[in-house]
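A.B. asks: Below are the chains, spelled out letter by letter.
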Amino acid sequence: MHPGRARVVALLAALLLAPAAAASERHPTQSELESEVVCPACHTTLDQSSSAIARRMKSFIAARIRAGDTKSEIEDKLVAQFGQAVLAKPATHGFDLLAWVLPIAGLLAGAAVLGVAAWRWSRGAPPERPAAARPPLDPELERRVDEELARFE
Amino acid sequence: MRIARIGAQALSVALVAGLLALLVWKVAHQVGDSTVASDLRDGKQPAAPAFTLPRLDTGARLESSSLKGKVQVLNFWASWCVPCRDEANLLQSASSAWRSRGVVVLGVDHQDLSSDARAFMRHYGLKYAVVRDTGDKLYARYGATGVPETFCVNRDGKVVAHVPGAVTRDTLDSCIQGALES
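Protein chains in written order, with my numbering: chain S, 1 to 153; chain Y, 1001 to 1182.
Hints in this document: simulated from the structure, not taken from any laboratory. Fair warning: there could be bad hints in the mix.
Said to hold, decoys possible - Not everything, but these chain S residues come out facing chain Y in the computed CB check (under 8 Å):
1. P40
2. A41
3. C42
4. I53
5. F60
6. A63
7. R64
8. Q81
9. G83
Said to hold, decoys possible - Restraint ranges, calculated between C-beta atoms of paired labels, are given here:
10. S:S35 to Y:A1050: 34 to 40 Å
11. S:V116 to Y:E1063: 45 to 51 Å
12. Y:Q1009 to S:H93: 52 to 58 Å
13. S:S35 to Y:R1169: 40 to 46 Å
14. Y:A1050 to S:G106: 37 to 43 Å
15. Y:K1026 to S:W119: 21 to 27 Å
16. Y:K1137 to S:A88: 16 to 22 Å
17. Y:K1137 to S:H93: 36 to 42 Å
18. Y:G1102 to S:K89: 45 to 51 Å
19. Y:G1069 to S:A91: 18 to 24 Å
20. S:H43 to Y:S1115: 19 to 25 Å
21. Y:I1003 to S:F152: 47 to 53 Å
22. S:G106 to Y:A1119: 32 to 38 Å
23. S:A88 to Y:I1003: 39 to 45 Å
Claimed, not checked - Heads up, incomplete: computed chain Y residues facing chain S, CB under 8 Å, no partners named:
24. S1093
25. L1113
26. S1114
27. D1116
28. A1119
29. H1123
Ideal Cβ positions, reconstructed from N, Cα and C, are used throughout, including at glycine.
Please work from the sequences and hints to get the whole structure.
C.D. replies: Rendered as C-alpha cells:
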C-alpha cells in the first residue's frame, strides 16, 4: 500500500474508533466492565463467575453506572477497594507498563528484522567472480574432469 | 554494514540482559514459598508479619507495632463469607472476655467492599478493631487460602496457632490459651 494511503486509512480508523471509546468512557455498560474486572477470590473475570463476591461486585458496578459514574471512576473505586489486580488489563504506569511496551517493542523489532532480511534478499546473490579471479584448477584434477565429461559425450 | 551488524548484536545483548534483569527482580521481590501457615505446619513458630493497614471504622492507620506485647487473634474475614457470620458473635465475645488478660482480637477484612464490611460490623455488633487488607498482601504473607482463617500470636510476636475455617468456642479458646502459655 502506498505510504500516503496507509496514513489516510490509519487516520480514518482513529477517527471512527475515537467516538466509540469516548462513549464507552462516559457511558460504560455492565457487560464491558464485567469482562474487564477480575473476581479477586476466583481470579476469573466477573462475567465468568457467580461467586458471592463476584455477585456483590456486579451489584456495585450496576449501582455506580446508575449513579452516572464514568468507566474510569468505577475502575478507580474498584482498585481502591480490591487493589490493582482487580483490573484484567495491566496498568499503564510503573512496572506494569512493561506489559504494554514489551509486546509492541517485540513486534517492532521483529518487523525491523524482517524488513532488513527482505531488503537483503531483494538485492539477490552477489555477482559471480570473474574467471580470472578464480584460482586455477589442479592439472591432475582438470584432466580427470575432462575424462569424465568425455565419457558422457 | 559492519556498524549495523554490531548495533544489532549490541541491541540483542541489551535485550537479553534486560530480560535477565527483569527475571532477577521478579525472583527477588516475589513472596517466597514460606508463609506463616506453611511454617506452622513445619512445626515452627514464625514471627508475625509486620503491617500498617487502614482501619475500617475510622480510616486511621493501624501499625502492628502498636500491638507489641499483647496476645493477638488475627481473623481474616469478608462480609460475603457465610462461615464468617457464624463466628462473628464468638469473636466479639472472646474480645470482651479475654481483654483483661491482654488479648486483642483484630479483624482483617479481605476481598470485600468496605461498605458491606461496615454493614456487617454494625449488624453483628463488632467492637474490636478491623483493618482493610486491600491487595491481599497480609493475607498472602500469612498463607491463608480462604475466609475465615484465624491466627494466634503470642506476646513475643510469634504466631503459634492457626485455625482454618470458622472458629468454634473450643478451637478459639485453645488458640488463645496456646498463645498465652507459649
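A.B. asks: Should the hint that C42 (chain S) touches chain Y count as held when the rule is a Cβ pair under 8 Å?
C.D. replies: With a closest approach of 10 Å, the C42 (chain S) hint is violated.
A.B. asks: Would the hint on I53 (chain S) stand, with a C-beta cut-off of 8 Å toward chain Y?
C.D. replies: With a closest approach of 5 Å, the I53 (chain S) hint holds.
A.B. asks: Honestly, do S35 (chain S) and R1169 (chain Y) meet the 40 to 46 Å range at C-beta?
C.D. replies: holds, 45 Å
A.B. asks: Closer than 8 Å between Cβ atoms is the bar; does L1113 (chain Y) clear it against chain S? Give me holds or violated.
C.D. replies: Result: holds, 6 Å to nearest chain S Cβ.
A.B. asks: Do the Cβ positions of G1069 (chain Y) and A91 (chain S) conform to the proposed distance bound of 18 to 24 Å?
C.D. replies: Since G1069 (chain Y) and A91 (chain S) have Cβ atoms about 40 Å apart, the given range 18 to 24 Å is violated.
A.B. asks: Let's test the interface hint: is any C-beta of chain Y closer than 8 Å to that of G83 (chain S)?
C.D. replies: With Cβ-Cβ at 3 Å, under 8 Å, it holds.
A.B. asks: Verify the interface restraint on D1116 (chain Y): the C-beta must sit less than 8 Å from at least one C-beta of chain S.
C.D. replies: holds, 6 Å
A.B. asks: Given a cut of 8 Å on the nearest C-beta pair, is the interface hint for P40 (chain S) held or broken against chain Y?
C.D. replies: Since the shortest Cβ distance to chain Y is 4 Å, the answer is holds.
A.B. asks: Does the interface hint hold: is A1119 (chain Y) within less than 8 Å of chain S, judged Cβ to Cβ?
C.D. replies: Given a least distance of 11 Å, the restraint on A1119 (chain Y) is violated.
A.B. asks: Given the hint of 37 to 43 Å, check if A1050 (chain Y) and G106 (chain S) actually sit that far apart at their C-beta atoms.
C.D. replies: holds, 40 Å
A.B. asks: Close enough to count: is the Cβ of H1123 (chain Y) nearer than 8 Å to one in chain S?
C.D. replies: Constraint on H1123 (chain Y) not satisfied, violated at 15 Å.
A.B. asks: Taking the closest Cβ pair, is R64 (chain S) under 8 Å from chain Y?
C.D. replies: violated, 11 Å
The structure fails to meet hints 3, 6, 7, 11, 12, 15, 17, 19, 22, 24, 28 and 29 from the earlier list, while all remaining hints are met.
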